[in-house]
Every structure is written in C-alpha cells, then in structure tokens.
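Quick note, the sequences are listed as chains D and H, same order.
Here my numbering is used: the first residue of the first sequence is 112, the next is one more, and so on.
Here my numbering is used: the first residue of the second sequence is 112, the next is one more, and so on.
Don't take every hint at face value.
[As the list claims (entries may be wrong)] As a list, the in silico DMTMM-like pairs of lysine to aspartate or glutamate whose alpha-carbon atoms are at most 20 Å apart:
hint : chain 1 : residue 1 : chain 2 : residue 2
1    : H       : LYS290    : D       : GLU147
2    : H       : LYS354    : D       : ASP224
3    : H       : LYS285    : D       : GLU147
4    : H       : LYS380    : D       : ASP224
5    : D       : LYS290    : H       : GLU147
6    : D       : LYS165    : D       : ASP436
7    : D       : LYS380    : H       : ASP224
8    : D       : LYS285    : H       : GLU147
9    : D       : LYS290    : D       : ASP275
Simulated from the structure, these hints should not be mistaken for lab results.
Protein chains: 2
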Amino acid sequence: MSLDVAATKPHERLAQALAPEMAAVNAMIRERMASEHAPRIPEVTAHLVEAGGKRLRPMLTLAAAKLCGYTGDYHIHLATTVEFIHTATLLHDDVVDESDQRRGRPTANLLWDNPSSVLVGDYLFSRSFQIMVETGSIRVLGILADASATIAEGEVLQLTVSRDLSTSEDTYLKVVRGKTAALFSAATQVGAVISGADQAVEQALYDYGDALGISFQMVDDLLDYGGTEAIGKNIGDDFRERKLSLPLIKAIAKSDADEMAFWTRTIAKGKQDDGDLEQAIAIMKKHGALEATRDEALAWSAKAKESLQSVPDHEIRTMLSDIADYVVARIN
Amino acid sequence: MSLDVAATKPHERLAQALAPEMAAVNAMIRERMASEHAPRIPEVTAHLVEAGGKRLRPMLTLAAAKLCGYTGDYHIHLATTVEFIHTATLLHDDVVDESDQRRGRPTANLLWDNPSSVLVGDYLFSRSFQIMVETGSIRVLGILADASATIAEGEVLQLTVSRDLSTSEDTYLKVVRGKTAALFSAATQVGAVISGADQAVEQALYDYGDALGISFQMVDDLLDYGGTEAIGKNIGDDFRERKLSLPLIKAIAKSDADEMAFWTRTIAKGKQDDGDLEQAIAIMKKHGALEATRDEALAWSAKAKESLQSVPDHEIRTMLSDIADYVVARIN
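In isolation and in its complexed conformation, chain D is listed as follows:
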C-alpha cells in the first residue's frame, strides 16, 4: 500500500473502489430527479444532492452488493433509491427544524420556501418507490417501506419527547434507529437481498448498518458537547436546541436535586444564560456521562465490525470495517 493510499480516508477508499458504480448512481440521480412539468423539482434536488455530501448511504448499498458478488444492474437502482429517500428526509427535516444551513450552504426552504421543500421531498420519495418497482423485488420494497416508516416514526417520537427530561435511553435508541440507523441498515440489507445472499449474510449486513448508524449518531452527540477531552469548536447546538441527546440523558439519570433544577431551567423551560453550557458540561463530566457515551459509541462500532465476520472475505469488507473505525476515530 502506497503512502498516498494509506493517507486517504476509508470512505474515500470505498468511493475509489466503487467509482464506476457511483458514476452510474450519480447519472441515475440526475436522470430521475428531472420532472417534465415542474422544473423547480430538479432545481431544489440539485441544490441538495450536489452540495457535496459523502454519499455514504448509496455506497453502503453498492458495497454490500459487491461483497455478495452481485452481477446485475439493480444495485444502481437501489443505491439511487436510498439517496433519494435520504434527500427527501433532509428536505423535510429542514422544514421541521426550521434550519437555515445544511452542509455549510443555505437550506432549500430558505432559498425557495417550505412548500417547495415539503413537496419536492414528497416527489423524491415517490420517485424512490418507482425506481424500486423497476427491480421487481417485493422484498426490497418491503425493506425500504419499513425503513421509511421507521424514519418517520423516529422523527415524530423525537418531536414528542423533545425537552422531556424523563426521556429514557431506550427511547433515545428508538429515535436514533429512526433518524439514522434505519436507512443505513436498509441500505446494506437491500444490497444483500438483490444479490440473493443467504440469510446469515443478509442479517450480518443489516446488523453492520444498524450498529454503524447508531455509533455515528452517538459520536455526533458526544462531539456536540466537545468530546471527552478538550472543548472543541462549534459545540453546544444540542444544548441550545434542548435536545435529549445521550450525554444529557446519562447526566440526568445521575443528577441530584440542584442539578435537576438546572436541567429543568435550561432544557425543559429553555431559560439559558451565559456559562450554562460550561455548567452542563461540568455536570456531565462529574457523572461520567461523556465517558459513558464514548464507551457506547465504541461498543456499537465494535459491534459493526464483528457483524462483518459473517460476510465473505473481500477488500470491500476491510473497507467497511475501516469505516466503522473511522466513525469513532474522532472520539477515540
């Protein structure tokens, strides 16, 4: 392995290994986001899909299909489908969160309006099912319809428990499976299904996507409070938005009456002053909430790698394993 290759990040190595397939996916995305009658649809979609996301989810589908020795064309369809569902979710999330920035650019709802984000999201979601239908696989349709329902359910759950100090880790995990892990696990699973992989391999790839997605979200939660070491940049968004993220849930579980009064004021009632974020982090550190979140993120990353033991030995398997390491590299 040359130094150059060693220096690239694992998702970049995966992108290199899947370059022809990803080119086909990008071509299909451009082709299928078109609308004969409503030119706003490709405008809004292009703003988002060309914003330089890593395309991790469609790559997971392509990787799973390649690992399983798939030789047909439908992995391109399914990877496109997964990216369309993801894009539809982002469009609706920005309306739900009233966001004005995503990937460092103004959101579609800011550049156009909320109606465009809602309706273009609906269009992409419908398009994704049209593309799935072309594969002729009812099982694939079932898996992605289930994932879509889990995503929406997780988002509604997040909405209803937001600012609720009694949120349990169990509820947190349901929200995270909806927000993040459901599409990761469906992405890898449909790659196996379309390849006719046996049940053990399909389950292993599902488990990998599920654990990777959960680890991914826990790392995000942790970094938003600066990680376990020094306080980094751009921290505190979750605190200001009063999100019941894992470090907060773990801290609340061990808080005394004074600390609970602090959480009630800052999170439940949303009355935040200067110094409150530092105080929140101090309480989290005192109770080992950041360390415990880190341990869980690492455990899910390890679980993702373990799942890969049941899939065929392949250079792609090594890359997927490296991605599971990479997700937690920032906190390890």
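Dock chain H against chain D, hints included.
Okay, now just chain H, sitting in the frame of chain D:
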C-alpha cells in the same frame, strides 16, 4: 325503488352497497395508523380520518374490485392504502397552503404544528407502501408510486405557476390531474388490477377515475365564482388566494388591455379592493368563461360515464355512473 332509496345521494347508495367492505377498511385504517412508539401519529391521523370525509377514494377501489368480481381480501388493503395516501396529501397540503380549516374543523398543523403534519404525513405515506407490499403485486405498487409522483409533481407545478397570468389550460389540466385525478384513477385502476380484470376493463376504470376527478375539480373551480347562475355563499376564495383556476384562465385568454390591467393588479400583484371580486365575475361572464368551464365539467362527467360502457353490467356500475352525474348536479 322506494322513495327513501331514491332520495339518497349516489355516494351514499354506494356506501350502502359496500358497507361490509368499508367497515373492514375503517378497521384496517384504525389498526394501521397506530404507532407503537409515537402516540402522536394516531392522534393526528384520527383527527383527519374521523372528520367525516366521504371516503370516496377508497370506495372507488372497492367498487372497481366488486365490479370485476374480485373475491380475495386485498381490495381492503388497497382501499386503505388509497385513503392513507389521500390523508398524507391533505396533511402536507395544509402546511403548504398554511390552512387553518379543513372539513369545518381546525387543521392538524393548527392543533399540533407543521412538523407533526409533515412527519405524520410521511409516516402514513410509508405505511401505505407497507400495506401495498402485503398484496404482493408489483403492478399495484407501480401504479400507486406513479400516482404519488404525479400528485407531488402537480402540487409543485401549481406552486410555481401560482399567480402567473400566462398559465395555459394545458398546464391547468396537469395540475388538476396531479391534485385530484391521479389518485381517483389509480384508486379505480388498482381495483381492476387486483381482480385480474382484462386490459380493456382496467383502462375503462382508469379513464372513469381520471375524468371523474377532472370534472370534480372543474365544478369546484366554477362554484368558487358562484357558478353560472346566481352568486352563492362562500365564494371568492380562489380569487383572494390568486389561484389560476379554469374560469380565470379562460377569462384571461379573452381579456382586453384594461381587463389585463385588472388581472395584473388583483392576481399577479395581489392588490385587491372591495368590489374586485364582483368585477372579476363580471369579466368572466362577459367572456363566457363560467359557461365554458361548466361545459367542460359536463363533458368530463359525460366522458366518465362513457368509459363505464366497457365494464361489466352491474348495480355498482349504475352507481358509479350516478356519481358522475352527481358531481356536476350542482352546476347543471
């Protein structure tokens, strides 16, 4: 036929003829709108589905299946699916239109919030695909995925041409097919498909739903300007919302320079004063725009009835024909 029966409306007679099937559909709606993790989902859904809509769309699916002699259970699934897609559309429409009333009750986005309406709509849409998957019919999935894409595309198109005085009747028809007719025609078509009806019958039932939906929307457009006779109650909403409905498009096509200046001020720029609605109606009448809209609505209703000539003779066929008459009865 007793006087009692003669006095009922055709959609009520259809509801009577399909009472056992509609009971099964209502049971499935209640069962499938549940969410183990997010109780807000059934709350929001129940608010809408129990608001006393006529359930015309699911009845069209059941009617088509019955006409075609279907003996299985999947017509219940498909009728539920059609109602879920319709409900999801209504939830998103209320966010798009910033409505606060639907069917005489406060909208879900007013009672809860926009995020709930967006996400519960997404959930119902995903659920509808899950239920379709249970039928095992890829063709049905294709038809309803296509209809969903047409709906979203029509709504985006409506958004982008709103207040645009150059909107053509061709564009209007595309918007109407999206907003209304696509789900009507898919509802009847999937009833035929699940029954294994031959191609001619399937096409006839598709054509019936398409023409019925278009007629339905044109009648709505006309009544919003008071119809061709006296000025009724609750008119002028489309004028105030500056919608390019059919009477307006037809009037614009024949307007002189002074009249165009009036449309530019009131519709394109939205500067409306007392007396403008009366003036708009006067211009429409002068150019025969209301009469011409009425004629088109009647022609689409006739086309719906004509389509039924290719389907089996059956009491349900008579009821569908009567529904096509009933839709235009208010303007005839």
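Consistency of the hints with the structure:
1. H:LYS290 to D:GLU147: holds (16 Å)
2. H:LYS354 to D:ASP224: holds (18 Å)
3. H:LYS285 to D:GLU147: Measuring from Cα to Cα gives roughly 11 Å; hence the hint holds.
4. H:LYS380 to D:ASP224: holds (19 Å)
5. D:LYS290 to H:GLU147: holds (16 Å)
6. D:LYS165 to D:ASP436: Holds, at about 17 Å.
7. D:LYS380 to H:ASP224: Holds. D:LYS380 to H:ASP224 sits at ~19 Å (cutoff 20 Å).
8. D:LYS285 to H:GLU147: Since the Cα atoms of D:LYS285 and H:GLU147 sit roughly 11 Å apart, the hinted pair holds (cutoff 20 Å).
9. D:LYS290 to D:ASP275: Holds, at roughly 18 Å.
The structure fails none of the hints (numbered hints given earlier).
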